[in-house]
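Engineer: Protein chains in written order, with the working numbering: chain L, 11 to 341; chain D, 11 to 341.
Take these hints with a grain of salt, some might be off.
Each pair may be met inside one copy or between any two copies, as identical chains are not told apart.
Below, computed lysine to any residue pairings styled on SDA-like, alpha-carbon distance capped at 25 Å [stated by the list, open to error]:
| # | residue 1 | residue 2 |
| --- | --- | --- |
| 1 | Lys213 | Leu147 |
| 2 | Lys213 | Val118 |
| 3 | Lys38 | Ala126 |
| 4 | Lys38 | Leu212 |
| 5 | Lys65 | Thr181 |
| 6 | Lys213 | Arg18 |
| 7 | Lys38 | Tyr114 |
| 8 | Lys38 | Asn88 |
| 9 | Lys213 | Gly32 |
| 10 | Lys213 | Gln21 |
| 11 | Lys65 | Arg264 |
| 12 | Lys38 | Leu179 |
| 13 | Lys213 | Asp30 |
| 14 | Lys164 | Gly106 |
| 15 | Lys213 | Ile17 |
| 16 | Lys213 | Asp20 |
| 17 | Lys213 | Asp182 |
Just so you know, the hints here were simulated from the structure itself, not pulled from any lab data.
So the chains spell out like this:
2 protein chains.
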Amino acid sequence: MAVYTDIRDDQLEAWLDRYDLGGLHAFKGIAEGVENSNFLLTTDNGSFILTLYEKRVDPADLPFFLGLMEHLAARGINCPRPVRMRSGAFLGSLAGRPAAVVTYLDGVSVRRPSPAHCRQVGDALAAMHLAGEDFTLARTNALSLQGWRPLFEKSGTRADEIEIGLADLITDELDHLETCWPSGLPAGVIHADLFRDNVFFLKDELSGIFDFYFACNDLFAYDVAICMNAWCFEPDWSFNVTKARALLEGYSARRPLSAEEFNALPVLCRGSALRFLLTRLYDWLNVPPGALVTPHDPREYLAKLRFHQGITDAGAYGLDLADNSVSGEAD
Amino acid sequence: MAVYTDIRDDQLEAWLDRYDLGGLHAFKGIAEGVENSNFLLTTDNGSFILTLYEKRVDPADLPFFLGLMEHLAARGINCPRPVRMRSGAFLGSLAGRPAAVVTYLDGVSVRRPSPAHCRQVGDALAAMHLAGEDFTLARTNALSLQGWRPLFEKSGTRADEIEIGLADLITDELDHLETCWPSGLPAGVIHADLFRDNVFFLKDELSGIFDFYFACNDLFAYDVAICMNAWCFEPDWSFNVTKARALLEGYSARRPLSAEEFNALPVLCRGSALRFLLTRLYDWLNVPPGALVTPHDPREYLAKLRFHQGITDAGAYGLDLADNSVSGEAD
Numbered sequence: 011m012a013v014y015t016d017i018r019d020d021q022l023e024a025w026l027d028r029y030d031l032g033g034l035h036a037f038k039g040i041a042e043g044v045e046n047s048n049f050l051l052t053t054d055n056g057s058f059i060l061t062l063y064e065k066r067v068d069p070a071d072l073p074f075f076l077g078l079m080e081h082l083a084a085r086g087i088n089c090p091r092p093v094r095m096r097s098g099a100f101l102g103s104l105a106g107r108p109a110a111v112v113t114y115l116d117g118v119s120v121r122r123p124s125p126a127h128c129r130q131v132g133d134a135l136a137a138m139h140l141a142g143e144d145f146t147l148a149r150t151n152a153l154s155l156q157g158w159r160p161l162f163e164k165s166g167t168r169a170d171e172i173e174i175g176l177a178d179l180i181t182d183e184l185d186h187l188e189t190c191w192p193s194g195l196p197a198g199v200i201h202a203d204l205f206r207d208n209v210f211f212l213k214d215e216l217s218g219i220f221d222f223y224f225a226c227n228d229l230f231a232y233d234v235a236i237c238m239n240a241w242c243f244e245p246d247w248s249f250n251v252t253k254a255r256a257l258l259e260g261y262s263a264r265r266p267l268s269a270e271e272f273n274a275l276p277v278l279c280r281g282s283a284l285r286f287l288l289t290r291l292y293d294w295l296n297v298p299p300g301a302l303v304t305p306h307d308p309r310e311y312l313a314k315l316r317f318h319q320g321i322t323d324a325g326a327y328g329l330d331l332a333d334n335s336v337s338g339e340a341d
Numbered sequence: 011m012a013v014y015t016d017i018r019d020d021q022l023e024a025w026l027d028r029y030d031l032g033g034l035h036a037f038k039g040i041a042e043g044v045e046n047s048n049f050l051l052t053t054d055n056g057s058f059i060l061t062l063y064e065k066r067v068d069p070a071d072l073p074f075f076l077g078l079m080e081h082l083a084a085r086g087i088n089c090p091r092p093v094r095m096r097s098g099a100f101l102g103s104l105a106g107r108p109a110a111v112v113t114y115l116d117g118v119s120v121r122r123p124s125p126a127h128c129r130q131v132g133d134a135l136a137a138m139h140l141a142g143e144d145f146t147l148a149r150t151n152a153l154s155l156q157g158w159r160p161l162f163e164k165s166g167t168r169a170d171e172i173e174i175g176l177a178d179l180i181t182d183e184l185d186h187l188e189t190c191w192p193s194g195l196p197a198g199v200i201h202a203d204l205f206r207d208n209v210f211f212l213k214d215e216l217s218g219i220f221d222f223y224f225a226c227n228d229l230f231a232y233d234v235a236i237c238m239n240a241w242c243f244e245p246d247w248s249f250n251v252t253k254a255r256a257l258l259e260g261y262s263a264r265r266p267l268s269a270e271e272f273n274a275l276p277v278l279c280r281g282s283a284l285r286f287l288l289t290r291l292y293d294w295l296n297v298p299p300g301a302l303v304t305p306h307d308p309r310e311y312l313a314k315l316r317f318h319q320g321i322t323d324a325g326a327y328g329l330d331l332a333d334n335s336v337s338g339e340a341d
């Protein structure tokens, strides 16, 4: 959690001159987001977030990310809405970085989600999937199946520095997933990173979702699997089936999962666990000198992968698809 | 700029239960302050700053700092006001650290102050000195004359790693200051760290002063000297006499400097420059592994010290004391 880029007064002033935001009341760097520098900007018109996109974000992807946020916000999704400059643009350059201003969301993230939180996350994810269906831009998921083997090769046998045998385990898992990864399931724009840090609640009601900087086109059910891994495990890495059931019910009530999607969940959860295991493994083995961010422990996602390797029937995730398909409110 | 301590949901909830702040709207770590962890807290009742005091602050000093802020705020100084808990206390323990909530100040700090900004800083400093006169707690300035030699000894000859001859220069300066440091000048509670980062402006009007965590009892004119060093040098470390004149006029209009105080300014400016040179030198030579903060360049204050070593007459700071004493608005 850090601010990577400093903004001078004169740079900020020139930047604000491009907008109709009124007079400046406050400007504070905020310790939120691992990839970018974020500033809380308060003006006559309210509160906003100014984001400077640091080097891990490809500027070529920004029109997709910002366009998606505008598209979703216009369809009633509670997410940050990019603010257009007087020129009509929502992307500019500030302190040498691509930069944008988005509306501010009230709320706090939860670190110990309850089943009720998980149910709302499922609902919000389904709402986002539906709202994104007529979005016209597309972005390939570089971190889906075809990206995992090249990503793994960057760590390779060094994986065994985390745990002896990990490199073999990952190789076997890649072999397995490449043979059984589902095709033909419903796809569209997915969030792909709807972790607890990226969802706000106000008095236990979900108040917004944000950080769309991994959003891409992929299987909707894969996004569900990412959320199951992010929301339904306890701090000791054990699986909470009550939370999983709540998340799946919340999702299905708004966008019912087909039998094919439901049955694919174990393999999608394995894939999702592997995806985060691989990026965390790489980050863990390659901490840059002077890094401001402590890397996540890759073993968390290894534990999740092992859990899903033991699941043969999606019913183990707590939802009875037949009941749910009928009412969406099965209990 | 960083947040050092993470606060869990349940810790925050239990903490807020001790206050009458209403429901929680937002909670964000902010990249402000080098010594402590600060969080922007928004509730039904408005915005507040929650500070966790990290190890560089002595908990025994906190009643002085927080009591002073309450005292000054009650006398109309625009500074953060500690918020009392239901119990009446304004200091508690959160995530293993002393912690307090203070009111939020609107405004932004300026990095390139104008003479008009400097005039307002002088005025605000004088107002603070006057408002603090009936504050009943006291705190010795550990970073005044008697503290400098022991502080220097922690760096010693390693000073020459910054510049050959620096250790000798500091030793000579200590010898000089110990013989001519003024006594008997008006004293009271001073801010002792009123740098640009600790003053907010709104549309070029000073809107508040904060960060009282170096406040102590010492000579008022020494606080003026600290501000001259912090506000009246350009980014290339050259002295801007127009800004110094404005700062001194702003101060004197509210609290006229006596002839003794005025004439002591060159030695007080040397002392202030040495004080920040010594702490920056120590920090520069002792960056802890994994530090989140880049230390300030000690040579900045070496340049300032050298400038003041060349001043024999306080008139060189741009103010004609005789004029000022009469009108407070000399121009």
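Engineer: Output the numbers, in ascending order, of every earlier hint that fails for this structure.
Structural biologist: Result: hints 1, 5, 11, 12, 14 and 17 break, sorted rising.
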